[in-house]
Amino acid sequence: GNSVTQMEGPVTLSEEAFLTINCTYTATGYPSLFWYVQYPGEGLQLLLKATKADDKGSNKGFEATYRKETTSFHLEKGSVQVSDSAVYFCALSDHDEGASKIIFGSGTRLSIRP
Amino acid sequence: DTAVSQTPKYLVTQMGNDKSIKCEQNLGHDTMYWYKQDSKKFLKIMFSYNNKELIINETVPNRFSPKSPDKAHLNLHINSLELGDSAVYFCASSRVWASGVTDTQYFGPGTRLTVL
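Order-wise, the sequence lines are chains A and B.
Taken in order, the first sequence gives residues 1 to 114; the numbers are from the numbering used here.
Taken in order, the second sequence gives residues 1 to 116; the numbers are from the numbering used here.
Some clues are possibly wrong.
[To be verified] With a straight-line cut-off of 25 Å between C-alpha atoms, the simulated DSS-like cross-links for lysine-lysine are:
| id | chain 1 | residue 1 | chain 2 | residue 2 |
| --- | --- | --- | --- | --- |
| 1 | B | Lys36 | A | Lys77 |
| 2 | A | Lys49 | B | Lys44 |
| 3 | B | Lys19 | B | Lys40 |
| 4 | B | Lys36 | A | Lys49 |
| 5 | B | Lys41 | A | Lys49 |
| 6 | A | Lys60 | B | Lys41 |
| 7 | B | Lys67 | B | Lys22 |
Since the hints were derived computationally from the structure, they do not count as laboratory data.
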């Protein structure tokens, strides 16, 4: 079946450090890929998405490129801020899945030190 | 304007009680969901409704019963609450394309349920 695997947290970085959160997926069809972010005490919100191979999603300085050859969608940011501290979820939606749902990874907690 | 709203935000109750959580979306989406998030932030889908019809019913105790009076509302009723039901419950909605691919899901703020 379809699945998403993302790096275990927590990840702790200093402000202005470079961030990478790895995400790989398994899918039988042609999935859309998403990164969601959950700030403390809030629901999940979309950070960025890509709907086909080689697409790059970007938002708030974060980027992720849909790599079909490596089945990956790694999240990157060049210079993190304290306000980026949150839990990040990689997810996929696949039209071969049958039922309409998005499959989420287990989440990666990110903490940024001032 | 709130896109997906849930009430209540906090719910503290005794074991054995029955409680309901309400969810409403004003995005015009056809599909709504309930998720359970545990203390380690793992997100588990419970139910999905499309146009008031149950589409997904994951392995959830039958003490949990969703009800969709119209496509803008999806409520969750829980009977005989147990300690293990303590979690944060999120409602979400999305559009589903004709191809079957789910577009971006929009989440409510969550309901933190504590069973004592």
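Practice problem: Could you tell me which of the hints above the structure violates, numbers in ascending order? | Solution: Per hint list: single violation, 1.
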